[in-house]
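S.K.: Protein chains in written order, with the numbering used here: chain A, 14 to 353; chain B, 14 to 353; chain C, 14 to 353; chain D, 14 to 353.
FYI, nobody ran anything at the bench for these hints, they're computed from the structure. Incorrect hints may have been included.
Cut-off 30 angstroms, straight-line C-alpha distance, at most; resulting in silico cross-link-like pairs (DSS-like, lysine-lysine) [said to hold, decoys possible]:
id: 1; chain 1: C; residue 1: Lys40; chain 2: B; residue 2: Lys236
id: 2; chain 1: B; residue 1: Lys308; chain 2: C; residue 2: Lys232
id: 3; chain 1: B; residue 1: Lys166; chain 2: A; residue 2: Lys40
id: 4; chain 1: A; residue 1: Lys310; chain 2: B; residue 2: Lys310
id: 5; chain 1: A; residue 1: Lys40; chain 2: B; residue 2: Lys289
id: 6; chain 1: B; residue 1: Lys182; chain 2: C; residue 2: Lys40
id: 7; chain 1: B; residue 1: Lys236; chain 2: C; residue 2: Lys232
id: 8; chain 1: C; residue 1: Lys40; chain 2: D; residue 2: Lys236
Not everything, but these chain D residues come out facing chain C in the computed CB check (under 8 angstroms) [unchecked claim]:
id: 9; residue: Ile30
id: 10; residue: Ser52
id: 11; residue: Gln55
id: 12; residue: Arg58
id: 13; residue: Glu104
id: 14; residue: Arg292
id: 15; residue: Pro295
The beta carbon of each residue, even a glycine, is placed where N, CA and C say it ideally should be.
Chain by chain, the residues:
4 protein chains.
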Amino acid sequence: MLSFLNDYSETACREIIGRLSAVGTEKNPGYGTDSYSESAKQKIREACACPGASVYFLVGGTQTNATVLDALLLKHEGVIAAETGHINVHESGAVELTGHKVLTLPSHEGKVSPPELSSWLRNFFDEPTFEHMVIPGALYLSQPTEYGTLYTKAEVREIRRILDEYGLKLYIDGARLGYALASPGNDLFLPDLAVLCDAFYIGGTKQGALCGEAVVFPKEAPKHFFSVMKQHGALLAKGFLLGLQFDTLFTDGLYEKLAGQAVALSSRLREIFREKGYRIEPETVSNQSFVVIGKEKAEELAEHARFEYWGPYSETENVYRFVCGVTTDPADVEKLAEFL
Amino acid sequence: MLSFLNDYSETACREIIGRLSAVGTEKNPGYGTDSYSESAKQKIREACACPGASVYFLVGGTQTNATVLDALLLKHEGVIAAETGHINVHESGAVELTGHKVLTLPSHEGKVSPPELSSWLRNFFDEPTFEHMVIPGALYLSQPTEYGTLYTKAEVREIRRILDEYGLKLYIDGARLGYALASPGNDLFLPDLAVLCDAFYIGGTKQGALCGEAVVFPKEAPKHFFSVMKQHGALLAKGFLLGLQFDTLFTDGLYEKLAGQAVALSSRLREIFREKGYRIEPETVSNQSFVVIGKEKAEELAEHARFEYWGPYSETENVYRFVCGVTTDPADVEKLAEFL
Amino acid sequence: MLSFLNDYSETACREIIGRLSAVGTEKNPGYGTDSYSESAKQKIREACACPGASVYFLVGGTQTNATVLDALLLKHEGVIAAETGHINVHESGAVELTGHKVLTLPSHEGKVSPPELSSWLRNFFDEPTFEHMVIPGALYLSQPTEYGTLYTKAEVREIRRILDEYGLKLYIDGARLGYALASPGNDLFLPDLAVLCDAFYIGGTKQGALCGEAVVFPKEAPKHFFSVMKQHGALLAKGFLLGLQFDTLFTDGLYEKLAGQAVALSSRLREIFREKGYRIEPETVSNQSFVVIGKEKAEELAEHARFEYWGPYSETENVYRFVCGVTTDPADVEKLAEFL
Amino acid sequence: MLSFLNDYSETACREIIGRLSAVGTEKNPGYGTDSYSESAKQKIREACACPGASVYFLVGGTQTNATVLDALLLKHEGVIAAETGHINVHESGAVELTGHKVLTLPSHEGKVSPPELSSWLRNFFDEPTFEHMVIPGALYLSQPTEYGTLYTKAEVREIRRILDEYGLKLYIDGARLGYALASPGNDLFLPDLAVLCDAFYIGGTKQGALCGEAVVFPKEAPKHFFSVMKQHGALLAKGFLLGLQFDTLFTDGLYEKLAGQAVALSSRLREIFREKGYRIEPETVSNQSFVVIGKEKAEELAEHARFEYWGPYSETENVYRFVCGVTTDPADVEKLAEFL
């Protein structure tokens, strides 16, 4: 059975498994105070061209979003997101659990539109009774978005300018950031994010690690962020496991190399679909592909491959998601063509 | 350098590392819906002699305590704990973050006294204004306690009887449960816990796993506990990693075997200290040992071994903690004697 | 200056002021355990034809919504509301502060559409990953709505049937309930609400009281709701002040009499506007009127009367809100005509 | 029946009732934006000799404590209080509901000892693992304390100095502040509080108002504190009712005059008890008196007067609390002597 179901269905890339095996019974201090973590942080700071950045390792995406946003927001503030944003839809209300409302803007294939953001903020603060409403304190973006689309550097610069006008913070969810960095045409790199964001995270779970996300605060970390992590149940006792994994991913460009393979395979997969006459919708450049397939055909295909139902398209067709991950076999992509 | 610092300073037992390596690029469904998790749950139900139990895998101890207690308590209820209880002292207020007060009872070497519990509850509900106070909804115990001491079956039965009188729930933190199960003289086993508790967890992180805690609800899981985990950032995307680890630990008695080794070494370590004329205080039977050492001697010893300062004892002496874990080398224990 | 600004700009109806003055230095027990409160509760139970109802007095509307919803919902549950619902827009995130997401449905002049509710719930629970989303636990309605519109008995019955299918609770915000009860054509009375709701409140602040809202739980109050109120800062020390006011309002039909006057004046006011050629939009029957007025004319009118800007209508016109309260002078309504 | 039960059993002082009656159907803007509130704030700023202070009116004490502390604390911080502090004992966990732990120090007749505070803070921050614990962000004091005792200016200055050393804030609960201000020997006045505190409140509910507490931020109010109040359900729609009351209390020294009467009567009451051979314990100077009475005698006395059981004293005696409020009749105090 071929699998294009998602990018979190395998243990980890072989480099990480290899290194974990090699460690043996070596003893490391707990809670991320070890030398692997220190080395990984240093490599991430270098990759971000931001020597003053604070870096922390958390375990998973929802946990990271809720913990970082809670630390960035004042208690009465909400966070703006596209209505399709992961925090608004698929995190069981983790952000609201910490007391913060998610304020929504229309989604354009997963993206927030800078002019709509600007106009929403102007209208909000023009409203005489705005203090009876939830005052926005930050904007949440994801790169790539939940629809595999990308923000350009010009867009995020414009968004930053708008946010600065109103004193809001910018947080970017990078659960699949590597795939964005490796996408053809991408012009928004780690050093850009370090300049433009108040916080962002570099996803590990979906890009070769067993688990783990690296949060970067380019300017200043929230006060006692270590305690904030602990308070949110987000501090791993064996923090060195996360350090060791990110140290591996950020050695010799492995992080981008792995993502690059997945993105190239995803591109090949869309090419195959197009050759066979299928529509791609929306168009993406990262590791997720959205394909319009007739319902009957999809059922037939499901006997040979795993993929996810994404939503309805027409009476007889649906959109389905096909994901390539860091260990997707090129042969599997070619083999899929046989069943189309 | 010898290390008796703690039981979470190594990756995992070699059986788990081996199995992780063997899995290769096998694809598994996410969020704990995989067959490893199913198999592990089944083995845990059998070990608990509780075929109807619900079992969930979370990542770490603080996260588990906060998530499970939040699910067990009504919103206005507090949780009772010994004043030395981990949730009261060393979790950065994770329980309070969810809105619940920790109500404290005196600690007797880490344990709650059943008569004191009974008298506290009687006085509380006799108080005419008790509804202006925080109404207790559950009791938190740890087995072994933070001081390495153990509750007997008779004690927990008596505690259960008292709690039933007032309608409170019982939750046991088993971060080091295996060490309790393997301790000489212990008479409180998994099937007993399944009869006596509303929820408890079987710790993995400190007993051979990379990370992971198995929560057992012997009777009924809280409604939509899957969503509650997600909401608390406690749902691992690659849940099969936790399943695979617990499946390994609960195959052929590995969990108790590993703990048994650590407990035996700890016992040998106390014997060595005693032979050299040191006092053990408090006396323990599990994998943690508390030794009174002169301050100067301790500094000298610290050049050869890692161990933790626990608290003051006299003008010239402190108490120090020495921990044996699942990969502690017996030779290291004997070697320590040379430096005493 | 005439005032149609809102219905919370005056102290209280003269019956309440009179009774407050007459009380003198009489001593009453605190926290709502007094005889005024008991009498008021009994009168409310009778008005609801629900002898088993539990009644509690809180201070204000936002406080009541947040406290009652927090008590009705399980911790991971959200509450559904029209996107214009007061809890979603004008309460500074008080519901989210307690950890609950507000899930929104389209607003039809302030109302939720039963078929849309039904279809939303069916789609939600059909979604295979619904446990990754926020599971709805209750529906919030307001009667009258924020737009002065009313639900019919048939509509709320249908809503109740839909909610029962999925196990959701029904809560109705009655900040202006009296005006609904007194509206011509209304067929949803207190005994109906007691049959159909899990909880609702009878607003005092906007209907003749200094402050105070009476929450009714027709079936069963949430456990220790007294403590829940205290925990939310919603328990008034001098609870007898609330009891005395509701006792007054529910004696000799004063509550409906006062509301009836305001509704009749509001109806007269709309008649005057229509006679002068203004459009009413949306049409309402309760104490709030929404009138389309040219921007210049509105500025002119503002020199003689207070009223609130509600929203844009066309290039040259806006919608403005005119409210009649329990002490609005009939002469003022007639006088307004002179300026139109 | 004489009543010394508490100081919140009456409506309000006659000056306030008179003014409420006189207002008639006058229309005022909502949410505290009215001229009564502005006037009251100005008078309070003057009484505090602090022209730059921000003043807000909330409804009750528990609500005020939870709202202000939530606004002062960072999310991971706890608040230190005496173990007898109202927030720790009698607020149903309102502070914990907002996510903050109450950290306790021993109580000395309700007071925190400056040397114990200093030593606790030094030990806390010396602890190498303090980031795993709840980091204190503020100190809560009450003046007078729950036991009627008073802090001196020298003590609060010393406390301020200690807090500054560690960067903590100081908040004083003044539910009965007027009684402290009017007590013989008191040397801590409003201008002192404005210099020494980050926030404090001037209680109205227990000192002549129907309800209402005036929060003073001498330096800077927390950002958007208006929204924070709304979010906590603490913003009264008819805010002018609170403004009007505090405007009355702060005109011609009424606040201190009323409190002074109560304090003088309380002093007379203790004199009477002493003359009759009763012990006063603890000694107080404010409006609460604690008297040791034989259990049988107390039962007999309860036929003639209301007072509160406070706690056990000996086998045959208890401590009882007798409170004088702003409308206590001097004749009642003298009459009590007849029954002793």
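S.K.: Against this structure, judge whether each hint is valid.
M.R.: How the hints compare with the structure:
For the hint pairing Lys40 (chain C) with Lys236 (chain B), the CA-to-CA distance comes to about 47 angstroms; that exceeds 30 angstroms, so the pair is violated. Between Lys308 (chain B) and Lys232 (chain C), the direct Cα distance comes to roughly 66 angstroms. Violation of the 30 angstroms bound is thereby established for this hinted pair. Note on Lys166 (chain B) and Lys40 (chain A): the hinted pairing is violated, with a Cα-Cα distance of about 35 angstroms set against a maximum of 30 angstroms. Pair hint Lys310 (chain A) plus Lys310 (chain B) does not hold up; C-alpha atoms about 76 angstroms apart against a cutoff of 30 angstroms.
A threshold of 30 angstroms between alpha carbons decides the hint, and for Lys40 (chain A) with Lys289 (chain B) the separation of about 27 angstroms falls inside it, so the pair holds. Our distance criterion of 30 angstroms between C-alpha atoms is broken by Lys182 (chain B) and Lys40 (chain C), whose separation comes to about 41 angstroms. About 22 angstroms separates the Cα atoms of Lys236 (chain B) and Lys232 (chain C), which keeps this hinted pair within 30 angstroms; it holds. For the given pair, Lys40 (chain C) sits about 40 angstroms from Lys236 (chain D) by alpha-carbon distance, which is inconsistent with the 30 angstroms threshold.
The restraint placing Ile30 (chain D) at the interface with chain C holds, with a minimum CB-CB distance near 5 angstroms, inside the 8 angstroms limit. Taking 8 angstroms as the C-beta contact cut-off toward chain C, the hint placing Ser52 (chain D) at the interface is violated, the least distance being around 17 angstroms. A least Cβ separation of about 22 angstroms between Gln55 (chain D) and chain C goes past the 8 angstroms threshold, and the interface hint is therefore violated. Given hint, Arg58 (chain D) at the interface with chain C, is violated; its Cβ is 25 angstroms from that chain's nearest Cβ, farther than 8 angstroms.
Restraint check, Glu104 (chain D) versus chain C: the minimum CB separation of about 7 angstroms is within 8 angstroms; hint holds. Hint on Arg292 (chain D) is violated. Least Cβ distance to chain C is approximately 27 angstroms, over the 8 angstroms limit. Because the beta carbon of Pro295 (chain D) sits about 23 angstroms from the nearest beta carbon in chain C, more than 8 angstroms, this interface hint is broken.
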